[in-house]
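Q: Given only the sequences and the hints, what does the whole structure look like? Please build it.
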Amino acid sequence: MQVKDTETGFFIKLSRGEKVMQTLTDFCVARGINAGVLHAVGAVKNTEIGYYSLAKREYFFKTFAEDREVASFTGNIALVEGKPFIHAHAVLSAMDDSLSCVGAHVKEAEVAVTLEVYLTPFPTPFVREYDEETGLKLLKL
Amino acid sequence: MQVKDTETGFFIKLSRGEKVMQTLTDFCVARGINAGVLHAVGAVKNTEIGYYSLAKREYFFKTFAEDREVASFTGNIALVEGKPFIHAHAVLSAMDDSLSCVGAHVKEAEVAVTLEVYLTPFPTPFVREYDEETGLKLLKL
Amino acid sequence: MQVKDTETGFFIKLSRGEKVMQTLTDFCVARGINAGVLHAVGAVKNTEIGYYSLAKREYFFKTFAEDREVASFTGNIALVEGKPFIHAHAVLSAMDDSLSCVGAHVKEAEVAVTLEVYLTPFPTPFVREYDEETGLKLLKL
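Those sequence lines, one after another, are chains U, V and S. Counting along the first sequence from 1, when you hit position 132 you're at 160 in my numbering, and nothing is skipped either side. Counting along the second sequence from 1, when you hit position 41 you're at 69 in my numbering, and nothing is skipped either side. Counting along the third sequence from 1, when you hit position 43 you're at 71 in my numbering, and nothing is skipped either side.
Watch out, some of these pointers could steer you wrong.
As the list claims (entries may be wrong) - 30 Å max Cα-Cα, derived DSS-like pairs, lysine-lysine: (1) LYS32(S) with LYS73(U); (2) LYS73(V) with LYS32(V); (3) LYS90(U) with LYS84(S); (4) LYS135(U) with LYS111(V); (5) LYS73(U) with LYS41(S); (6) LYS41(S) with LYS111(V); (7) LYS84(U) with LYS165(V); (8) LYS32(S) with LYS84(S); (9) LYS135(V) with LYS41(V); (10) LYS41(V) with LYS111(U); (11) LYS73(S) with LYS168(V).
Claimed, not checked - One-sided excerpt, in silico: chain S residues whose CB lies under 10 Å from chain V: (12) VAL31; (13) GLU35; (14) SER126.
As the list claims (entries may be wrong) - Counterexamples of contact, computed for chain U against chain V with all Cβ distances above 12 Å: (15) VAL31; (16) LYS41; (17) SER43; (18) GLU46; (19) THR51; (20) GLY78; (21) LEU120; (22) ASP124; (23) ASP125; (24) ASP159; (25) GLU161.
Read the hints as simulated data drawn from the structure, not as lab findings. Where a beta carbon is used, it is the ideal one built from N, C-alpha and C, also for glycine.
A: Encoded structure:
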């Protein structure tokens, strides 16, 4: 990981082999970032993405082992039980002639080539709390 | 809807059942937001998305009744005939084993679980005006 | 191209027929923008997008001649050999009943109807340098 401070945030470059969610979460912990938004482009592999079934009240995840382009990656940072948690969704395109896309909630991904992230922190923490209706930890603003 | 002010904008949480475009437009009216950009992640249903055919000079919309992840949602805010108008495009992924994506211009969507929006307002209004060549209300900067 | 300055960046409208990457790169050169991030929505045609095969150490590009919605477009700006270079990934949806998406690294695209871009510049340049391991010009932060 390499980081460059800008006037409004951090430009972060993750390198081949780094775990995206773990590395970015560790960065938030280290820098005391308890609220923010982020975007990224790059390429990943061993990606675990999925969706939340409200009917079954559980997440379903699927792993894509192959290299995929990160066509889009958008997320935010909030505190869950006092620790920074990154909530991100991504669109991943196939590295073949189809260039077809899958998309979902990101559990984890490993950088395949590079991942270029822009993270804007906010000074006042956002907090997620368990929501009985949905079974999810939702933002309480 | 819950809102938290940040140094550069508003972090907005929409809840299950809320109409995305209507609620965000009402928020812009209430806060006097006449220019800005926004992004979101979450899950929606009863989504009406589509595209503009330049050849036929009309929009074609399609409704997706089922819950879908909002893998990406990007847009901007400008005045149309003096009122804030949100122009947003989204990528919506299927909540099934395919995780396949559809994407387009967003007409309306209903929050299925939650929608987490970050909106950055700008003080000087953007304006859209009817453009004869395309038949659309395009930005006039 | 029309441009409006905001407090934190530039809102840019590209018009039908303009080359997206060339026009935005020229804008960065003209304004001395050597670092930044950008997002866009709109519609494009004659789009050349593709992916980098790490195994073969080369890019594979595919051209989509037809009009497509820009469902998502995210990128950043850095210097390559002293000149601004835009690295952008996009998700493009079909203007037919499928609304299906393709996504990848953007080489070039032509504006089909309009493209609405928000660009945030940073004062300190980002630099890309050739990386022996991947064969790519990666950010050196």
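Q: Taking only the CA atoms, is the gap from LYS32(S) to LYS73(U) under or equal to 30 Å?
A: At roughly 39 Å apart (the allowed maximum being 30 Å), LYS73(U) and LYS32(S) break the hint.
Q: Hey, does LYS41(U) actually stay past 12 Å from chain V on C-beta?
A: holds, 21 Å
Q: Hint SER126(S) vs chain V: min CB-CB distance below 10 Å?
A: holds, 7 Å
Q: Holds or violated: LYS73(S) with LYS168(V), Cα cutoff 30 Å?
A: Distance of about 22 Å is within 30 Å: holds.
Q: Per the CB criterion, is VAL31(S) less than 10 Å away from chain V?
A: Cβ of VAL31(S) sits 6 Å from chain V, so the hint holds.
Q: Should the label of GLU46(U) as a non-interface residue stand, given a Cβ cut-off of 12 Å to chain V?
A: Check passes; 22 Å lies beyond 12 Å.
Q: Under the criterion that the straight-line Cα-Cα distance not exceed 30 Å, is the pair LYS135(V), LYS41(V) satisfied?
A: holds, 19 Å
Q: Take the C-alpha atoms of LYS73(V) and LYS32(V), compute the straight-line distance between them, and say whether it is at most 30 Å.
A: Judged against 30 Å, a Cα distance of about 25 Å means the pair holds.
Q: Has the given pair, LYS73(U) with LYS41(S), been kept, meaning a C-alpha gap of at most 30 Å?
A: violated, 35 Å
Q: Can we trust that GLU161(U) is non-interface, i.e. its beta-carbon lies farther than 12 Å from all of chain V?
A: At about 7 Å from chain V, GLU161(U) fails to clear the 12 Å cut-off, so the statement is violated.
Q: Can you confirm whether the C-alpha distance between LYS32(S) and LYS84(S) stays at or below 30 Å?
A: This hinted pair is violated, its Cα atoms lying about 42 Å apart.
Q: Would you check whether the claim that THR51(U) is not at the interface survives, using Cβ distances to chain V and the 12 Å cut-off?
A: holds, 20 Å
In terms of the numbered hints stated before, the structure departs from hints 1, 4, 5, 7, 8, 20, 21, 24 and 25, listed from lowest to highest.
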